[in-house]
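Top to bottom, those sequences are chains H, F and X.
In terms of the numbering used here, the first sequence is residues 44 to 328.
In terms of the numbering used here, the second sequence is residues 15 to 298.
In terms of the numbering used here, the third sequence is residues 51 to 329.
No lab work stands behind these hints, which were simulated from the structure alone.
Careful, some of the hints might be misleading.
Sample of chain X residues facing chain F (criterion: CB under 10 Å; computed from the structure) [unchecked claim]:
no., residue
1, 110
2, 112
3, 130
4, 142
5, 286
6, 291
7, 293
8, 294
These figures come from a predicted structure and were not determined experimentally.
Glycine included, every Cβ here is placed at the ideal spot set by N, Cα and C.
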Amino acid sequence: MSIVIENLSFTYGKKTPYKKQALKNVSFTVNEGDFLGIIGHTGSGKSTLIQHINGLIKLEEGKIKVFDIDLSQKKPDLKLLRRKVGMVFQYPEYQLFDETVEKDVAFGPKNLKMSDEEIKQSVKEAIELVGLDYESIKDKSPFEISGGQKRRVAIAGVIAMKPKVLILDEPTAGLDPKGKEEILELILKLKESSAHTVIMIGHDIDELSRYVKRLIVLNDGQLVYDAKPAKLFENREKLEEMGLDVPIAYKLKCALSEKGVKMGEVANDDDFVREYLKIYKEKKN
Amino acid sequence: MRDFAFGQYYPTGSVVHRLDPRVKIILSLFYLVIIFFVVSYVTYLIVALFLLFVVLISKIPVLSVLKSVKAVIFLLVFTAVLNIFFYKEGKVIAEWGIIVITAQGIDFAVKMILRLSLLVMGSSILMFTSTPTEITDGMEYLMAPLKFVRFPVHDVAIIMSIALRFIPTLMEETDKIIMAQKARGAAFDCGKFTERVKAVVPILIPLFASSFRRAEELALALDTRCYDATPKRTRMKKLKAGWKDFIAVIIVAALGTVILLDKYYFLSFDRMIENALGWNLWGA
Amino acid sequence: MSEAIIFENVSYTYNDGEENAVKALRDVSLSVHEGEFLALVGRNGSGKSTLAKMMNGLILPDKGKVVSFGYDTQNKDTIFEVRKRVGLVFQNPDNQMVASIVEEDIAFGPENLGVKREEIIERVDFALKSVGMEEYRKSTPFKMSGGQKQRIAIAGVLAMLPKALVLDESTAMLDPKGRKEVLDVVKKLNKEEGITVVLITHYMEEALDSDRIAVMDNGKILKEGTPKDIFCDYELIDKAGLKLPTLLNIARRLKEEGVKFNREIFSEEELIEELCQLL
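From just these sequences and the hints, can you work out the full model?
If you want it as structure tokens, here you go:
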């Protein structure tokens, strides 16, 4: 198991009139190779949760274990933790700062004290992995490339640290439709070739259910569901009460089933098209 | 993430909170001046009781007001030590070689500490009970006469207002950037001085870049909302002083009167008590 | 139908004459009709935002002209007449607010216009009510959700009593709930107050309910038409780098897989009915 979280609770601004409990008794585990999605409306505690996994927020209550690193210990090895868990924040391009793309991507590896040779190698690999041409982009300023490229460079900066777990907070926010699709395809590719465990926070249920194999739902700091997408959507009414939608493909499946058309499991449009074609072709033959 | 990032404002909705900010600013200024006229321990006690009274009716925790002194504690200790060890006149209490401690020296030091602490606590009440916007508004009104010497009061007020508005946003942004760079293995809290200075670059550059981006959009937003359309800009908010403001003025004026009477008329309540009891503390 | 905003052969180049010059608009002609809900879509860098900023004279054309409610935006004397009538709302709500208290922020526009105090208060009331934020009058926007902040930004523009509202990707940074809040407000303003709306968005679902869609690519308008005209033109959608709304995309994929539809599909009901009949 890569990550084990037990009874995690957290409160912001504990001793002020502005205190707010962000997480209440959250428990779940992430296994190696998982593709996990976390969903919940703004303020449901998603960001607080993933910041805990990377040791960016000090653990107050509960237990977190990431590989062999026990975060409930007094002085956990944060450097090792951050090497194992790569974190891509919302709008990650806003953290770029160095003169050249190459130097910027090398920031993480350098902090981890990799050898010069290793740094050069992993930077090149990371830039190529995110689908950019190393030779032509490495000397450019990260401030003069296009928006889509910036985001790729920022992701490369995390990938270059060779994390085993990759966490992404709304990686497609603010992109145009094509840009979104490209980034999602990239994440899929990274999962296969580099970081094998991926946790992705998102808002767009249609988009998330197309990629993740498991979904965690947070509401008011509590974990309310942890299930595979097609199963999760069976709680449609409860989800809608929390202000969360189910994918259109799932809605269509429900509507058809009311009219007597029974389909197999549907979590996204791929499933829907496949299942419908199955029935359609049977009827035609 | 900081929860409430800017200012010490502590909302309780008390009568002190609801005073006209102009009145509060003027009274605070008056208090800052008058405190330098306090000469006797009795009046220090009166001022302290007055502060306690204000803190109680404003419903802010007494402890957080006391804590505001923490910021100047070094200054307090430093001046106290200077006064105790280097004030040479008056009745000698102790003597070690060149170090001479006199009763007057201690008296001076204690009064200095009292004065500075009461000063800091008094002004902190203004900050605890008024939002930054209220202070800006109050200042704008109080600066209004400067318009006649062509001082751009409105523009300055808008600049102040925007600055106040953006401080929490930029602080939040800084937190985010620090977190993002920490996640990339940056260590801000260890290493040699030069390393720490270097570590600031990955925070500052994205912060500047973001500020420029924000400034650009803000400029467009100001234009969109017709900034500078007419020199006859109007104001929605009108500050109005009411009966509670007059009461506040009278209470503070009473405090001022007591302080001035003590200094100029009774020539120190302390002295009167000493004389009545026949003490001789100062070796005169 | 009278015209709210007219573009006549408008061209614009950023950093004109320099090495990094970018042609943003190429000979664009477009009319925004008074009272309509127009959606403007296209990939990043297609020129949408430049077009939006020309509507109230934040950017002036290099060639051609823009006339908003009868005022040429290039006439410096009447620029505030234009800005009063055409309000822009931008992407990041945080960058559009000037004051730390909601009502003071909303009052900023009318204050700049020199509106009388009593009327400013009325306008603030109206604007807050229109966006459903009356109870937040004295609050600070800092801790609010994105949707709430953006509604306040809209209120700030509404207080100038504009005839047209231009939203330049104003929903891009919001979550689905916030997007819906903002969109509902905008639709209501369009229907009930008769305010002309130009909505720039990457979310095709948001364009579905508009009166008209204009598709932009590479500084030009590729096509104008009803949502049906646009979303049934698969070739156009691909060419402009767009994606169909999920529902229509499912229909498209089924068609491409050989399902023979007997009619055009445009709504969920239509699709469900058709899919049942086909079996």
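Could you tell me which of the hints above the structure violates, numbers in ascending order?
-> Result: hints 1, 2, 5, 6, 7, 8 break, sorted rising.
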